[in-house]
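Engineer: In order, the protein sequences belong to chains F and U.
Residues in the first sequence are numbered from 0 upward in steps of one, following numbering that gives the first Met the number 0.
Residues in the second sequence are numbered from 0 upward in steps of one, following numbering that gives the first Met the number 0.
Each statement offered as a hint is correct.
Listed next, with one range per pair, are the computed distances between beta-carbon atoms:
hint: 1; chain 1: F; residue 1: 183; chain 2: U; residue 2: 66; range: 56 to 62 Å
hint: 2; chain 1: F; residue 1: 71; chain 2: U; residue 2: 2; range: 58 to 64 Å
hint: 3; chain 1: F; residue 1: 36; chain 2: U; residue 2: 30; range: 20 to 26 Å
hint: 4; chain 1: F; residue 1: 71; chain 2: U; residue 2: 99; range: 49 to 55 Å
hint: 5; chain 1: U; residue 1: 14; chain 2: F; residue 2: 14; range: 21 to 27 Å
hint: 6; chain 1: U; residue 1: 80; chain 2: F; residue 2: 68; range: 40 to 46 Å
hint: 7; chain 1: U; residue 1: 49; chain 2: F; residue 2: 93; range: 52 to 58 Å
hint: 8; chain 1: U; residue 1: 14; chain 2: F; residue 2: 15; range: 24 to 30 Å
hint: 9; chain 1: U; residue 1: 221; chain 2: F; residue 2: 68; range: 41 to 47 Å
Derived contacts from chain F toward chain U, CB cut-off under 10 Å, selection only:
hint: 10; residue: 222
hint: 11; residue: 249
hint: 12; residue: 280
Worth flagging that the hints you see were computed from the coordinates, not collected in a lab.
For glycine and all other residues, C-beta sits at the position ideal for the given N, C-alpha and C.
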Amino acid sequence: MAGDRESGPNRASLEAVAERLRAGGRLASGDAAVLAATPDLVALGALADDRRRALRGDRVTFVRVCEIDAVAGGAGQDRLPPRAGEVRLVGRPADIGAAVAETSRLRELAGPVPITGFALDDLVDLCRADAAAVREALGALREAGLARVAEARADAGDDPRWIELAVAEDLPVARLTVASADSDGLANARRIAAWGAAAASVRAFAPLPAVAGPRPSTGYDDLRRVALTRLVVDNIDSIQVDWRLYGPKLAQVALTFGADDVDAVSPIDALEHGWRRTPLEEITRNVSAAARVPIERNGRFEIGTARP
Amino acid sequence: MRGELEEIAAHLRGGGRLRAGEALDLYRHAPTHELGRLADAARAAKHPERIVTYIIDRNVNYTNVCVARCNFCAFYRPVGSGDGYVLGFDEIFAKIDETIEVGGVQLLLQGGHNPDLPLAWYEDLFRAVKHRYPTFRLHALSPPEVIHLSRLSQLPVRTVVERLIAAGLDSIPGGGAEILVDRVRRLLNCYGKATAGEWLDVMRAAHEAGLRTTATMMYGTVERPEERIEHLFRLRDLQDETGGFTAFIAWSYQPPHTELGGIEATGVDYLRTLAVARLVLDNFDNLQASWVTQGGKVGQLSLAFGANDMGSVMIEENVVRAAGAAYCMDEVEIVRNIENAGFVPKRRNMHYELLGDPIFRERPVPRMLELAVARTGELDAPPPEIARYPARSRAEKVRRTAR
Numbered sequence: 000m001a002g003d004r005e006s007g008p009n010r011a012s013l014e015a016v017a018e019r020l021r022a023g024g025r026l027a028s029g030d031a032a033v034l035a036a037t038p039d040l041v042a043l044g045a046l047a048d049d050r051r052r053a054l055r056g057d058r059v060t061f062v063r064v065c066e067i068d069a070v071a072g073g074a075g076q077d078r079l080p081p082r083a084g085e086v087r088l089v090g091r092p093a094d095i096g097a098a099v100a101e102t103s104r105l106r107e108l109a110g111p112v113p114i115t116g117f118a119l120d121d122l123v124d125l126c127r128a129d130a131a132a133v134r135e136a137l138g139a140l141r142e143a144g145l146a147r148v149a150e151a152r153a154d155a156g157d158d159p160r161w162i163e164l165a166v167a168e169d170l171p172v173a174r175l176t177v178a179s180a181d182s183d184g185l186a187n188a189r190r191i192a193a194w195g196a197a198a199a200s201v202r203a204f205a206p207l208p209a210v211a212g213p214r215p216s217t218g219y220d221d222l223r224r225v226a227l228t229r230l231v232v233d234n235i236d237s238i239q240v241d242w243r244l245y246g247p248k249l250a251q252v253a254l255t256f257g258a259d260d261v262d263a264v265s266p267i268d269a270l271e272h273g274w275r276r277t278p279l280e281e282i283t284r285n286v287s288a289a290a291r292v293p294i295e296r297n298g299r300f301e302i303g304t305a306r307p
Numbered sequence: 000m001r002g003e004l005e006e007i008a009a010h011l012r013g014g015g016r017l018r019a020g021e022a023l024d025l026y027r028h029a030p031t032h033e034l035g036r037l038a039d040a041a042r043a044a045k046h047p048e049r050i051v052t053y054i055i056d057r058n059v060n061y062t063n064v065c066v067a068r069c070n071f072c073a074f075y076r077p078v079g080s081g082d083g084y085v086l087g088f089d090e091i092f093a094k095i096d097e098t099i100e101v102g103g104v105q106l107l108l109q110g111g112h113n114p115d116l117p118l119a120w121y122e123d124l125f126r127a128v129k130h131r132y133p134t135f136r137l138h139a140l141s142p143p144e145v146i147h148l149s150r151l152s153q154l155p156v157r158t159v160v161e162r163l164i165a166a167g168l169d170s171i172p173g174g175g176a177e178i179l180v181d182r183v184r185r186l187l188n189c190y191g192k193a194t195a196g197e198w199l200d201v202m203r204a205a206h207e208a209g210l211r212t213t214a215t216m217m218y219g220t221v222e223r224p225e226e227r228i229e230h231l232f233r234l235r236d237l238q239d240e241t242g243g244f245t246a247f248i249a250w251s252y253q254p255p256h257t258e259l260g261g262i263e264a265t266g267v268d269y270l271r272t273l274a275v276a277r278l279v280l281d282n283f284d285n286l287q288a289s290w291v292t293q294g295g296k297v298g299q300l301s302l303a304f305g306a307n308d309m310g311s312v313m314i315e316e317n318v319v320r321a322a323g324a325a326y327c328m329d330e331v332e333i334v335r336n337i338e339n340a341g342f343v344p345k346r347r348n349m350h351y352e353l354l355g356d357p358i359f360r361e362r363p364v365p366r367m368l369e370l371a372v373a374r375t376g377e378l379d380a381p382p383p384e385i386a387r388y389p390a391r392s393r394a395e396k397v398r399r400t401a402r
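Chain U with its partners taken away, still in its complex shape:
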């Protein structure tokens, strides 16, 4: 095996592209340090300036009501649940104000597949945000959400994407990819929300419409190693075709409080998966560290295993927290970790364009010692603007009639 690994390493050093069998061999058999060395060299070839980027933004989940019912998700609530919520436009504006106060430049806006939020709700929200905050960016609606809107509105995906762009959508996050293999998606009960092909088709449509997007992988559920590798190669193929992906982010499944249950993949597995991703995804410029699932320490170690981006300051996070992980890193902490690893920290935007040095070195910024949540305290009545859109679910119709 040693000889085979050396052959693969030589193949890579010669500028060759990794083949699926080679990637699987590396993942299964390469010593962890060898993987780290290869991935770090690949990272260095793309980013010889030793810059590690990060973005100041906020993860806002506009609703937790969802009909998809993925069995790995601890965040969603079924239609009619007393714990279900929809954020009002004013609440979202307040979150944007807080984000701008700490130097933030965008929202990562994702949510459940809520049947009572039609396409017009999203269009009105995006227009309202752009009207109040013209330079603020919306990195919003993962492919399954776009498909959900396509189904609700009975419009083609391309039309939905075009209408969302017209309303103010700036880029699409790569959520909902899980593992892009339909056998796995059926087992995770997420085949219905988007097949692997449908997920990729939304991204293809978005890229062709001029949007840049990210790609993700949630591993550690029921997939086999070769299915992780297949996922990476499907992303690499689409990137060869469109060049529209800005970055790749891998994170481990968080089992607590989910229907699927089980155990979380280990830290070593995360670093090995990340390193293999860096080697397979030779046409992706950027790989993010997932400190939100791995914690700050292993998150920082990602920088030695192929990552060149520390992701987002995040400010708020609800989905991973619902599954029990509650790590927090504000800008000061992210910058400290980047510099401690021997890199130069730079703020970026969603297109990975450099915005400058750490904002806290330019002006005072409040420290953030824990991530905010979508809502605190008792759930209020639904926001008033909801009444402007027709209810679709029986539960929502009954609720409105009762009021």
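Okay, chain F solo, but in the shape it has when bound:
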């Protein structure tokens, strides 16, 4: 069964890279470009999957997130879904005072559930990139009950010092995200990898854009980006995929292309369609069907027990 997938120098280059990775080596200069150029999506996915397994075994973590609009707030809301593992404030607050006030308001409602919120670049921007003001804002948010900054946008800047500052203020960033559908996935991955230890406090990187562009990405685009990110980014534990945004089918396949953490699983167990259609059953079933072990975590990345 001769394949037509690739032949000649490109195939030889891909095999050389694969051989080096299988032997435990790291990507050399130029390897990422070879990986990015290969049309052999399955071979790329297999390499990323090997890397994921070496880092994380067969565990796939997921978190059930209750999102609260940081701008509109949850005024009038007197309780949160009891199954949430993370309460997340999303959107750009009007100012730091509003962010702190909304966090304080949620603290009592959330109880032991970690509150995360905001994008680090928004907070920096609200503080006019003044380090002292950012430090003060992070401290105030932490005091108000924020457990982690929800995200830092990997394509919004190229300065990891704010991430380090957040760690120094004991309010680390939960995950890196990508805001623009137009941003280059390989460039993002290379930039994050170049941050080295500065990004190591961030637990997950979600490489697929959080906002769809005018031209939707394809399945190949998405999986290539996930796999490349897993192979290039070796300073962040988990590659994350958004369950709600990318849907169970694509997100599940992504778990075989290097992803190992699932974000944005619904915290609401609506039973009108039967228990097998509840979000918890759906995520558990899909992770298991991808031959992985589903493990629920919370917004601090503290894990529970493996689900059967």
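Knowing the structure of chain F, use the given hints to seat chain U on it.
Structural biologist: Only chain U this time, still in chain F's reference frame:
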């Protein structure tokens, strides 16, 4: 297990045919990427030119009235239902006009087992279509519909097939196969519409009469993995015998709004099933991607797991939509996905003969951002030509008397 999988892979690479136990082992145990690699190599061996085909056609469901009552179907309505419909000939002609406008070359015409549509209705429809559109193709009437007509007319299947061919039938779609294992068919309440043997016999008769047909599998209901494999081997055996199948299409059961209910099989399961099908069906040239059930993204990924055809632009779809899935890809989107995956898109006909490059690159074609449905708005009165054919059901007789 690793050693056994390597043995199977070596057996395949040496040109051996997959055995049922090996196929089951691959489906159950092979890493998904290994399955993808093997299936992609099998696809490449058959299609080294890296062409991925598609067809511009329209799925028209001429009636939703059905006496079969399969418990996995969300589309049918029982005889006498206020939601039941039959399309008129003029409505079907209008759909053909729209199809031709966007470069379409055929209708995929299927419908319920409506007792009030006799064989003559189909013959008259096919003749009328061929008279108005001589080069337009009719890919019509799945095996259970042929059996239904055989029962209604009390004529042998072969005679029904011959009469339909004489009227203008060009090929038979592989619908209604579900899982070709009678234990499963009994559980799905589709044993009565066609047993596994009857389904295969219709295809055998069609192939012997000179028609080419497709084959399908709807998986993910109540079948066991070994029954999926048995289904594939039954198709492979018939293909060895007749060589009449052009393509195989697998799709996952869509549970919403069905009597059977349950949950849909996952995306990974789809890709694994497709890959195993490519490896078992070594005598099938073409495997279609089912983007209509999997969505565009996993549909495109099918091209890495053994598929070499993106199926149909479809234009209209009613059956899967009735179960809640409403994906849409027009020609522009299908071509974009094929090229994005590194393949060369080519239009084809029902026999998988290449017709040319994308039609939208030759002339302006209206974009299609959602699939049409059989009928919109209130259901009208039955089409006038229905009165030319004798009513069979009590409900239809009462309706006609009341009018």
